[in-house]
Amino acid sequence: MSTEPAGISDEKIAGLLRLTGPRPAVPVDRTERVKAATHDRWRAEVSGRSRRRRVRVAAALAAAAAIVLLAGLARRLRVGAPAPQAPAALVEAVTGPVFIRPAQGTATAPSALRAGDAVPPDSGLQTDENGRLALRLPTGGSLRLDVDTRIEALTDRSLTLVAGAVYVDSGGRRAPGAEEPERAIEIHTPAGRIREIGTQFEVRLGEATVRLRVREGLVSVDRPSGGLQVTSGRELQLDRGGATSSRELPIHGEEWAWTEAIAPRMAIEGRFLREFLDWMARERGLGLQFRRNDLAASASTIRLNGSIEGLTLDQALESVLLTCGMRHRIEGGLLVVEAPDGPAL
Amino acid sequence: MNLRDLELARRMLQGDEASFNEFFDGYFPVLYRFAMARMNRDADGAEEVVQTVLGKAISKLGTYRGEASLLTWLCTFCRHEISAHFERAGREGRTAHLSEEIPEVAAALESLSSLAGDGPEEALRRQEIMRLVHVTLDRLPVRYADALEWKYIEGLSVVEIAARLALSAKAAESLLTRAREAFRDGFSTLTRGGTTWEPEETG
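Same order as they appear, the protein sequences are chains A and B.
The opening residue of the first sequence carries number 2 in our numbering; numbering runs sequentially from there.
The opening residue of the second sequence carries number 17 in our numbering; numbering runs sequentially from there.
Please note that a few of the clues may not be correct.
[Said to hold, decoys possible] Cβ pair distances, simulated, as ranges: (1) Arg27/B - Pro265/A: 44 to 54 Å; (2) Glu12/A - Glu137/B: 23 to 33 Å; (3) Ala45/A - Val175/B: 17 to 27 Å; (4) Glu137/B - Asp129/A: 49 to 59 Å.
Simulated from the structure, these hints should not be mistaken for lab results.
Cβ coordinates follow ideal geometry from the N, Cα and C atoms, glycine included.
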C-alpha cells in the first residue's frame with residue numbers, strides 16, 4: 002500500500018472514515034439558539050431589502066409623476082396621512098455594553114444594542130467605560146459615541162449630549178462657501194448648539210467646558226452670547242459662562258484614535274482599491290498620495306475581494322495593500338502608497 | 017464562479033425559507049467545528065463567534081458574487097471574528113497555527129500505515145488525522161459528505177442512501193464515486209498543505 006495520500010485507495014478511504022467516526026455533532030441547544038437568532042436577522046434583512054426596494058420604486062414613480070403634476074403632488078403629500086415613524090439611526094458597530102433608553106413616556110426598560118438594530122426617534126443612548134457605538138444616520142452620516150457617553154433625544158438630525166464625547170462624520174466634503182446642508186446634524190450642549198456644515202468633528206463634554214475639535218470642513222456654534230464658526234484643524238473650548246479659547250490641532254493621529262477604533266469597516270467586496278484607499282485616508286484624516294502614476298492607475302482598476310471586518314485600520318490597510326502588491330507609509334499627514342521596492346522612482 | 021452558492025444566496029435574499037434552512041443547516045455545523053478547532057474547544061465562544069459571523073454574512077449577502085464558495089466566504093468572516101474575539105479577551109488566538117493551514121502538515125501525515133500503533137505519538141497522529149478527515153468532509157458538498165458517512169460509518173447500502181437522497185440507486189452509486197474522488201483530492205490537498213481546494217458538486 003502506498004503511503005502517499007494522493008494514492009489512497011477506495012478501501013483506504015473507507016478505513017479512514019470508519020476509524021475516525023462521524024464528525025462531531027453540534028449540541029442541539031446551541032444549534033437551536035443560533036438558528037433562532039440567525040433566522041430573526043435574516044427575516045429583518047429580507048424585510049429591510051423589500052422596504053428599500055419599495056422606497057426606490059416609490060421614488061421612481063414620484064419622480065415620473067412630478068414631471069406632469071409637481072405642484073399638485075406636493076400639496077397632496079403635505080396633507081397626506083402621516084408616515085410610519087422611521088428610525089433615527091441604525092447601529093453599525095458596537096464594542097462593549099451599550100444601552101438604549103426609549104423615549105420619555107414609554108415604559109420599556111433600557112436594553113442592550115447590537116449591530117443591525119434600529120434606534121427609534123427620541124431615544125437615549127449610553128455607553129459605559131468599555132462601550133463604544135457607531136450609528137448610521139438616514140442622511141448617510143456616521144455618528145459615533147466614545148466610552149462613558151450619554152446622549153438624549155436622538156433624531157435623524159439632532160441629539161443632546163449629556164456626558165462624554167460624540168464624533169460626527171457627515172459623509173463628505175463640501176465646497177468652500179457652499180450652502181449649509183438642509184439636514185445638517187445638530188448637537189445640543191450646555192454651552193450652545195453645535196451644527197455641522199459638511200464635516201468631521203468631535204464634541205466632548207467636560208465638567209465645566211465643551212470641547213469642539215474639527216477635523217474637516219466647518220462647524221458653527223450658536224450661543225446666546227453670539228455665533229462662532231470653527232474650521233478644520235482647530236480645537237475650541239467653550240465654558241458655560243461664554244468664554245472661549247482655541248488652538249491648532251492635528252487632524253490625524255492619537256487625538257482621533259477612538260473614532261477610528263469604532264469606525265464601521267468598509268464592505269470591500271467588489272470595490273475598487275482606490276475607493277478603499279479614499280475611505281481609509283478619510284477615516285484617518287490623511288491625504289492620499291501615490292508614489293507613482295502607474296500605482297494610481299492600478300488602484301482604479303483593482304477590485305477587492307473578502308472582508309476587513311474584525312481588523313484594525315492598520316491591519317486592514319496592510320493586508321489589502323499586500324494582496325495588491327503595494328505597501329504604504331504615513332508621513333506628514335499623507336498616506337503614501339508605493340511599490341514594495343521602496344520609495345524611489 | 018460558484019453558481020450553486022450564488023443561487024442559494026439569491027433565493028435567501030428573496031425570502032425563501034427553504035433556502036435559509038439549507039444555508040443554516042449546511043454551514044452552521046461546519047463553521048462551529050471550524051471555530052471550535054481554533055478557539056481551544058471553547059464552546060460558548062464558538063457559539064458566539066459563529067452567531068456573529070452568520071449575522072454579518074446575512075447582512076452582506078447582497079455583496080456575495082460567487083467568486084469564492086460560500087464556505088470560503090464564511091470562513092473569511094469567521095477567521096476575522098475569531099481574531100476579534102481573542103483581541104477583546106486580550107490574548108492571541110490560534111488561528112494561524114492549524115496544521116491544514118501550514119505546509120508542514122504533510123510531515124505529520126506521511127505514513128498512514130502507523131495508524132495501528134498504540135503509543136502516545138501514534139495517538140496524537142491519529143487525532144490529527146481524524147481532525148483532517150473531518151475537515152475534508154466539511155469541505156465537501158453536503159451530499160457527498162453525508163453519503164460517505166452513511167456508507168462507511170453507518171453501513172447503509174447504496175439503495176438506502178439512494179432513498180435518503182431521493183435518487184435512483186444508479187445515481188447514488190455515481191454520487192458515491194464522485195464523493196470518494198472529491199474526498200481523495202481534498203485529503204491529499206490538505207496533507208500537502210494546500211488551502212485553496214474548493215470542490216463543486218457535479219452530476
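#### Entry: Status of the given 49 to 59 Å range, CB of Asp129/A versus CB of Glu137/B
holds, 50 Å
### Query
How does the Cβ-Cβ distance of Ala45/A and Val175/B compare with 17 to 27 Å: does it lie in that range?
Roughly 44 Å apart at Cβ, these two residues miss the hinted range, so it is violated.
### Message
Range first: 44 to 54 Å. Now tell me if the beta carbons of Arg27/B and Pro265/A are that far apart.
### Response
violated, 28 Å
### Message
Quick check on a hinted range of 23 to 33 Å for Glu12/A and Glu137/B, using CB atoms only.
### Response
holds, 25 Å
This entry does not satisfy hints 1 and 3, going by the numbered hints stated previously.
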